[in-house]
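**Student:** First to last, the protein sequences are chains E and V.
Counting in our numbering, the first sequence runs from 1184 upward without gaps.
Counting in our numbering, the second sequence runs from 12 upward without gaps.
Hints may be right or wrong, so weigh each one.
Using 30 Å as the maximum straight-line C-alpha spacing, the simulated BS3-like pairs for lysine-lysine come out as follows [what the hints assert, rightly or not]:
#: 1; chain 1: V; residue 1: K324; chain 2: E; residue 2: K1274
#: 2; chain 1: E; residue 1: K1304; chain 2: V; residue 2: K195
#: 3; chain 1: E; residue 1: K1302; chain 2: V; residue 2: K195
#: 4; chain 1: V; residue 1: K193; chain 2: E; residue 2: K1274
#: 5; chain 1: V; residue 1: K193; chain 2: E; residue 2: K1328
#: 6; chain 1: V; residue 1: K322; chain 2: E; residue 2: K1328
#: 7; chain 1: V; residue 1: K168; chain 2: E; residue 2: K1304
#: 8; chain 1: E; residue 1: K1568; chain 2: E; residue 2: K1506
#: 9; chain 1: V; residue 1: K196; chain 2: E; residue 2: K1297
#: 10; chain 1: V; residue 1: K322; chain 2: E; residue 2: K1319
#: 11; chain 1: E; residue 1: K1297; chain 2: V; residue 2: K193
#: 12; chain 1: E; residue 1: K1259; chain 2: V; residue 2: K193
#: 13; chain 1: E; residue 1: K1274; chain 2: V; residue 2: K196
#: 14; chain 1: E; residue 1: K1302; chain 2: V; residue 2: K322
#: 15; chain 1: E; residue 1: K1302; chain 2: V; residue 2: K168
#: 16; chain 1: V; residue 1: K193; chain 2: E; residue 2: K1304
Selected chain E positions facing chain V (in silico; Cβ < 8 Å) [claimed, not checked]:
#: 17; residue: I1238
#: 18; residue: P1258
#: 19; residue: K1259
#: 20; residue: Y1262
#: 21; residue: K1274
#: 22; residue: L1275
#: 23; residue: V1276
#: 24; residue: V1278
#: 25; residue: Q1283
#: 26; residue: I1314
#: 27; residue: D1315
#: 28; residue: Y1321
#: 29; residue: P1430
#: 30; residue: F1432
Computed list of chain E residues with no C-beta within reach of chain V, every gap over 10 Å [to be verified]:
#: 31; residue: K1405
#: 32; residue: Q1412
#: 33; residue: D1448
#: 34; residue: M1511
#: 35; residue: E1573
#: 36; residue: P1579
#: 37; residue: L1618
Because the hints were derived from the structure by calculation, they are not lab data.
Every residue gets a Cβ at the ideal spot worked out from N, C-alpha and C, and that includes glycine.
One-letter residues, chain by chain:
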Amino acid sequence: MNTSCAIEMRGITKRFGQVVANDSIDLSIKRGEILSLLGENGSGKTTLMNMLAGIYQPDEGEILQDGLPIAIRSPKDAYDHGIGMIHQHYKLVDVFTAAQNIVLGLNDQKLDLKSINAKVKAICDKYSFVIDPAMKIYDMSVSQKQTVEIVKVLYRGADILILDEPTAVLTPQETDKLFAVLHNMKADGKAVIIITHKLNEVMEISDEVAVLRKGKYIGTVKTSETDPQALTDMMVGHAVVLNIDRPKFEKPVPRLKVQGLTCIDHEGITKLDGVSFTANGGEILGVAGIAGSGQKELLESISGLYPVKEGSVSFIGGDGKAKELVGMTPMQIRKTGVGMAFVPEDRLGMGLVGSMGMTGNMMLRSWRKGKGIFLNKKSPEDLAKKIWDELEVVTPSTSFPVRRMSGGNVQKVLVGREIASQPKILMTAYPVRGLDINTSYTIYNLLTEQKMNGVAVLFVGEDLDVLLELCDRILVLCGGKVSGIVDARSATKEEIGFMMTTLGGKENA
Amino acid sequence: MSAIIALIVAAVTFGTVLMFGTLGEILTEKSGNLNLGVEGIMYMGGAFGLAGAFNYEQAVGAASSSGLLAILIAIISAFAAGAIASLVYGFITITLRANQNVTGLALTIFGTGVGQFTGEFLRVREGNFVALSNHLKDSFANPIMPKFLQDIPILGKILFSHSVFFYIAVILAIAMHLFFVKTKKGMYLRAVGESPSTADAAGINITLYKYLATIIGGGISAIGGMVYIVTTAGCVWNHAGLSGVGWLAVALVIFCLWRPLNAIWGSVLFGALMIMYLRVRIPFIPTEIYKILPYVVTVIVLVFSSMRNNKEKQPPASLGANYFREER
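Turn these sequences into a full structure, and let the hints steer you where they fit.
**Tutor:** Written as structure tokens, this is what we have:
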């Protein structure tokens, strides 16, 4: 056994119900080394690391420390083994000071601020941090909070540090500072694992790169012996032929024109930055990007659910006249006669009411139509029956709560309802996530059918194989900006993968 | 002048009841558990506290009963009743992770029923009248401070003419304040209520803290019910007077911004608002208007504290949410 491995994971498998999040993964990290854990969202990176941090328990496999098997049953066990994880969502108590957060849960010490401050200062000096121990967390910037998290972990004597997407919320300057600190830690003989999907950072900081894809371990390579292109290939995999039927619509016409769309969230972070594109009727426009690159904000701002800072979204009607949609509520948009349908990512949260049956959920779209104060149940009931029939939804009745249906059937109900409103623009976010192959194809066919009816379809997806075979054009987002728009018939998976991780890839459309 | 002093003294008497209810609920809520069963818990505390004192006197005889022992037994009986009820609440919400609001409301319904049943059962069993000897009644309700302190003009009445329970409540409030801000355990408890995942990751036993805070908090709240019965109600089961007190305590927790020290003056203020209708009569104003004053004040405080958005004056961040480590 190679004892220079600080931590070794062997054959780790973790399931959540039916979903296999980690499938027999092997990973090892040495002291004095920085390992990047690379993979797309949903590839199981965080799940794997949470098992080291004691948040989850592996279903199969073993974890070895310095060659000896260990059990990590709780976060406390992890600390006892010198493993500290800095989670993506910081685990800090807002109303406490930095010092209070740092010593939280340490039973062997008195609450003596002086000695705590001295020890904190020693750690800060060693790795060149700056924090004020008496500052409250709610007064801190994200980067300061992160520093507190790192100091907290070091204070507990961790020599194996896991950082989950530490740079996602940092400015470039802050990122440089963080990397300098990580280098200091490495020089100090600590083992550092950094979860990321930013290739430039991987190349800059790490000694080795381990790649995960769809819960499977792909391999580990030395950073010095690889390049971004090779890593992208490992991350996205080879193209798989899906044989999705893709007819060409003869005369696509511009339907939706988005110009310079910029959105800023409530924390002041720019989610969309000058996004411009045109979606044509009779075309499926795919939207690709690492999760959190602005896909959700894009769809929601088009449909009037997300506040727009700048830019315009205009709907181009059959008569060629443009209608500005920015500033309208979803209800106003509907009233102006712009047929827009939205299949959200969160099906049972935003799309359907879980405890209602199919009929009730159909009514969410039509409840205003009844006479007087009474609901008109007849037409939604008919619609529910129609969808039940045509899309082969498996359910005992139209009043059976949709929450208790399988994911695929839930999605059929949702897509069926949205299509039934005869939209001019159909927006879908991850419509086949979690669905089996057959249902996925049903959804693809439904979308293609809509396209052939002249509808402008926006398809936000995560599986590049699907995007390449289903869509006509693909818009690639990278950090809220348009990295490029490519023709899906000629683009390659590697090309898109590269555009997702590096702004611009090749050219800006 | 004497009318004002009398109002303050009466306010303190009723405020003591509220103070126990509020302090218990503050402790519970600091762990992130919103126990809406305070009303039921205080009913149970009232009935069982009275039953404890009564049975004690029956057992040893009125002549040889000790006031101090009776007070202790009443406190322990009430505390135990509240603690057991809260243990049930804790099991359902902490271990089984059921909805806290629903469970708390169910506990209120259950507790008022149990309290009412016990109180009535006692009355019927003893032939329509549960009576403690005057000697015990006095030791519950009479001032305990030395005579010379009570004789200080004005201040003597306001500060030193109260029953033993008021001073216990004040000491408890100060102790709880020191526990929260000065001790490690208190800090950990606050961490559990603010961010359980943080506390968990720091190796704090969330379940233990939540259970202890809920059980002890429930016990303290229950003492409030007992105090009402043995002081204001004159050692007679009086469900009508106790009704609504638990809800007032829940409102008071918000009014106090989850701070035990605020509970001292907050309780007395609420006590005053609640008895105003007896002492400050203004013609043509129905008593119901007076009775809503405490709630109106709570709403105003809530509006202002929300508007100012001061991070220090907010409820525990995870109040009402159950914690499950593997939740995704």
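**Student:** Taking the earlier hints as the rules, which of them does this structure contradict?
**Tutor:** 7, 8, 15, 26, 27, 29 and 30
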